[in-house]
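Produce the complete structure using the sequences and hints provided.
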Amino acid sequence: MLGWGAVIIWFSANILSQAAFIGMHGVPYDATNLLTALGSWSWVIVVAELLIWAIAGLLIFNKIRNKKQVIREIGF
1 MLGWGAVIIW FSANILSQAA FIGMHGVPYD ATNLLTALGS WSWVIVVAEL
51 LIWAIAGLLI FNKIRNKKQV IREIGF
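All residue numbers in the sequence shown are consecutive under my numbering, ending with 76.
Treat the hints as calculated values from the structure; they're not laboratory data.
In this text, a Cβ means the ideal position worked out from N, Cα and C, and glycines have one as well.
Check the hints yourself; a few may be wrong.
Quick list of the computed label-pair ranges, beta carbon to beta carbon [unchecked claim]:
hint, residue 1, residue 2, range
1, Ala6, Lys68, 35 to 45 Å
2, Gly3, Ile71, 44 to 54 Å
3, Asp30, Trp10, 18 to 28 Å
4, Trp41, Phe61, 22 to 32 Å
5, Gly23, Ala48, 34 to 44 Å
6, Ala48, His25, 22 to 32 Å
7, Gly26, Ile74, 50 to 60 Å
8, Ile60, Ala31, 41 to 51 Å
9, Arg72, Tyr29, 16 to 26 Å
10, His25, Lys67, 35 to 45 Å
11, Gly3, Glu73, 17 to 27 Å
Next up, the structure:
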């Protein structure tokens with residue numbers, strides 16, 4: 001459950017941040033300018049983002065695998 005909580009918090013924070021930025025500037029983030037402004041810290045952000053996507057992928061994969069296993073046990 002901790003994994004799903006992290007993914008939901010990350011997704012919600014991204015949506016709220018993007019909405020606030022659009023509300024103030026009228027346009028969505030420009031990823032290139034954002035990463036350039038962060039300098040060398042941009043790699044930390046990119047790695048964190050990739051880790052969260054990997055966690056989300058693993059959670060979805062495990063959920064699908066567990067469903068298939070339950071279906072096999074039931075006999076469908």
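Could you work out which earlier hints the structure fails to respect and list their numbers in ascending sequence?
1, 2, 5, 8, 9
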